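Sequence order for the protein chains is A and B.
If you count the first sequence from 1, position 231 lands on 231 in full-length UniProt numbering, and the numbers rise without skipping.
If you count the second sequence from 1, position 217 lands on 217 in full-length UniProt numbering, and the numbers rise without skipping.
Check before you lean on any hint, since a few could be wrong.
Stated by the list, open to error - Using C-beta positions, here's what the derived DEER-type ranges look like: (1) Ala113/B / Asp68/A: 30 to 36 Å; (2) Arg176/A / Asp45/B: 45 to 51 Å; (3) Gly242/A / Glu133/B: 38 to 44 Å; (4) Ala115/B / Arg15/A: 26 to 32 Å.
What the hints assert, rightly or not - Some chain B residues well away from chain A (every beta-carbon gap over 10 Å; in silico): (5) Ala59; (6) Arg72; (7) Asp93; (8) Val124; (9) Arg143; (10) Gly208; (11) Val209; (12) Ala253.
By construction, these hints were calculated from the structure, which means they are not laboratory data.
These figures come from a predicted structure and were not determined experimentally.
Heads up, the beta-carbon is just placed ideally off N, CA and C, and yes, glycines get one too.
2 protein chains.
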Amino acid sequence: MTVLVFLDSAFPDGRPADAGVPQLMINDLGVTRGDGIFESLLAVDSVPRKPDAHLDRLASSAQLLELDIPPREAWERAIATALALHAEAEADDAGHAGRAAVKLVVTRGVEGAAAPTAWVQVTVAPDAAAQREAGIKVLLLDRGYDSLSAARAPWLLLGAKTLSYAVNMAALRYARQHGADDAIFTSSDGKVLEGPTSTVVLARERNGVRTLLTPERRSGILAGTTQDALFKAAEAAGWELGYGPLVPEDLFAADGVWLVSSIRLLVPVRSIDGRELPFSAALNSELARLADAAL
Amino acid sequence: MTVLVFLDSAFPDGRPADAGVPQLMINDLGVTRGDGIFESLLAVDSVPRKPDAHLDRLASSAQLLELDIPPREAWERAIATALALHAEAEADDAGHAGRAAVKLVVTRGVEGAAAPTAWVQVTVAPDAAAQREAGIKVLLLDRGYDSLSAARAPWLLLGAKTLSYAVNMAALRYARQHGADDAIFTSSDGKVLEGPTSTVVLARERNGVRTLLTPERRSGILAGTTQDALFKAAEAAGWELGYGPLVPEDLFAADGVWLVSSIRLLVPVRSIDGRELPFSAALNSELARLADAAL
Chain A
1 MTVLVFLDSA
11 FPDGRPADAG
21 VPQLMINDLG
31 VTRGDGIFES
41 LLAVDSVPRK
51 PDAHLDRLAS
61 SAQLLELDIP
71 PREAWERAIA
81 TALALHAEAE
91 ADDAGHAGRA
101 AVKLVVTRGV
111 EGAAAPTAWV
121 QVTVAPDAAA
131 QREAGIKVLL
141 LDRGYDSLSA
151 ARAPWLLLGA
161 KTLSYAVNMA
171 ALRYARQHGA
181 DDAIFTSSDG
191 KVLEGPTSTV
201 VLARERNGVR
211 TLLTPERRSG
221 ILAGTTQDAL
231 FKAAEAAGWE
241 LGYGPLVPED
251 LFAADGVWLV
261 SSIRLLVPVR
271 SIDGRELPFS
281 AALNSELARL
291 ADAAL
Chain B
1 MTVLVFLDSA
11 FPDGRPADAG
21 VPQLMINDLG
31 VTRGDGIFES
41 LLAVDSVPRK
51 PDAHLDRLAS
61 SAQLLELDIP
71 PREAWERAIA
81 TALALHAEAE
91 ADDAGHAGRA
101 AVKLVVTRGV
111 EGAAAPTAWV
121 QVTVAPDAAA
131 QREAGIKVLL
141 LDRGYDSLSA
151 ARAPWLLLGA
161 KTLSYAVNMA
171 ALRYARQHGA
181 DDAIFTSSDG
191 KVLEGPTSTV
201 VLARERNGVR
211 TLLTPERRSG
221 ILAGTTQDAL
231 FKAAEAAGWE
241 LGYGPLVPED
251 LFAADGVWLV
261 SSIRLLVPVR
271 SIDGRELPFS
281 AALNSELARL
291 ADAAL
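Only chain A is shown next, with the shape it has when bound in the complex (with noise of 0.2 Å):
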């Protein structure tokens, strides 16, 4: 089932709602406008994973389409309530509500209304270990913006996980139309930048020193969540940690590729515009046990 809980005043735990009957006004800038932000993150057995690190990232999305969104503890209070609603409705004999998907929304409200939207959403997560176990194909596709224009121009919102992802979407319709099951953009200038819903990680071994690398946040992508945790734990256990530029050739020379996210968590990819990638079983494992550990 799906718990939704809005984020409300009135209600210092937030206003749990019917997800089944609707619940948004036709003129919502969310849905007109696509003017608002989100984040997903998992919970596992009713606990959120790493929700700070979603929240701040929230605020800093709010931040860069000057939104003015409930404060922190106001989401807290909502997502427990949630969390403890998808349980009652879920867990099993045992109390547990397994794996669950929590997705946080703001938009900017009501046309010509002051007040923000905001709700936690809670559904059952997608099981998507097939995927983390058997990897993926990816095309990479030219995002059209060059790996600068996020410093030039802070109206493109580029950094901020807005509802705005229209592209996004045919990015992946794109990729899955044409034999592949995700994509890689690059900016217009070859660079690396980031899946349309996940961060790229790479692993490379040169001379016995193991190295995780990711594309620089500067280029205009989302600071990953997963990808920070994993490295924070690498880093622990005994990784070196690099910030590229990276180009496709990084890719195709590197140990093994990720696409890294909350819910769908490491995903090895295997094949990139069908050029095989190396890949290793025993380093996929050890880099989702490190992840998993971290989270």
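Dock chain B against the given chain A, drawing on the hints supplied.
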């Protein structure tokens, strides 16, 4: 008042609904992903202006997004229903309903459902007469894309009028915070593109030849329905027409620049980046009359 009519195959003339209460599901892809398209058109005394051009462009946007939308006749009937309801509520003693803004919206529908969500919304049109007379100040803002992106990368959805308008809204906020009223986007390779919600048109007279110009569509801009109507009327009145690649210097060298759109119509640009532009009240009235007669 706001009139709302859903397109619904069970209701050939559309299904009227109360716009004052929530009507959209929380997990409609229109709000969660900005995944949908729209049109805004003017109606005067319940007669829609250039409905065919708007329905053509809606179909073209749908094709770019691979969105299966209701047939044209369903839109025409729903628009007629909505305008009749609006006239009932708003008409004066002489039966005139005045100027109304008609919005057509289609989203990819509720997550997991196969059907789009589609509706027609009618409100009283905002009064832009003062802007049409006095003109506006504009900033040039980089859109990040180069002018060849549209041809190279169809997944960028350039040329589609999508619900993912967060960047357009951010550009308008940026312009207003920096002493202007509106913006004109430029490409990363320095070409003039379009306004966040309008088409750019410029007029120039050289050796007795009067020409209207607008940026070329293949640069990834929306096909302007009002610009197109104006151009046809102007051609019949003896103007030459041109479709640029245009650069900012062309704007400064023109005899007049306008932002053109369906509801606000022709708004003269009085300055760009603080630099004053030539302005002729006579030319402004002449073009406004041409457009008005054509619509």
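> Does Asp93/B sit more than 10 Å from chain A, CB to CB?
Replying inline: 28 Å, holds
> Is it true that Ala113/B and Asp68/A lie within 30 to 36 Å of each other by Cβ?
Replying inline: At 32 Å between Cβs, range holds.
>> Given a hint of 45 to 51 Å, does the C-beta separation of Arg176/A and Asp45/B actually sit inside it?
In response: Cβ of Arg176/A to Cβ of Asp45/B: about 47 Å, so the range 45 to 51 Å holds.
> Is the Cβ of Gly208/B farther than 10 Å from every Cβ of chain A?
Replying inline: 41 Å, holds
>> Confirm or reject: Ala59/B is not an interface residue toward chain A, with every Cβ-Cβ distance exceeding 10 Å.
In response: 17 Å, holds
> Should the label of Ala253/B as a non-interface residue stand, given a Cβ cut-off of 10 Å to chain A?
Replying inline: For Ala253/B, whose nearest Cβ neighbour in chain A is about 25 Å away, the distance exceeds 10 Å, so it holds.
> Are all C-beta atoms of chain A more than 10 Å from that of Val124/B?
Replying inline: Nearest chain A Cβ is 12 Å from Val124/B, so the label holds.
> Once the closest CB in chain A is found, is it more than 10 Å from Val209/B?
Replying inline: Fine: 37 Å to the nearest Cβ keeps Val209/B off the interface.
>> At 10 Å, judged by beta carbons, does Arg143/B keep clear of chain A as stated?
In response: 8 Å, violated
> Per the stated criterion, does the least C-beta distance between Arg72/B and chain A lie above 10 Å, as a non-interface residue requires?
Replying inline: 22 Å, holds
> Using the C-beta atoms of Gly242/A and Glu133/B, is the stated range 38 to 44 Å upheld?
Replying inline: Given about 59 Å between the Cβ atoms, the range is violated.
>> A range of 26 to 32 Å was offered for this pair. Does it hold for the Cβ distance of Ala115/B and Arg15/A?
In response: Cβ of Ala115/B to Cβ of Arg15/A: about 29 Å, so the range 26 to 32 Å holds.
In this structure, the earlier hints numbered 3 and 9 are contradicted, and the remaining ones agree with it.
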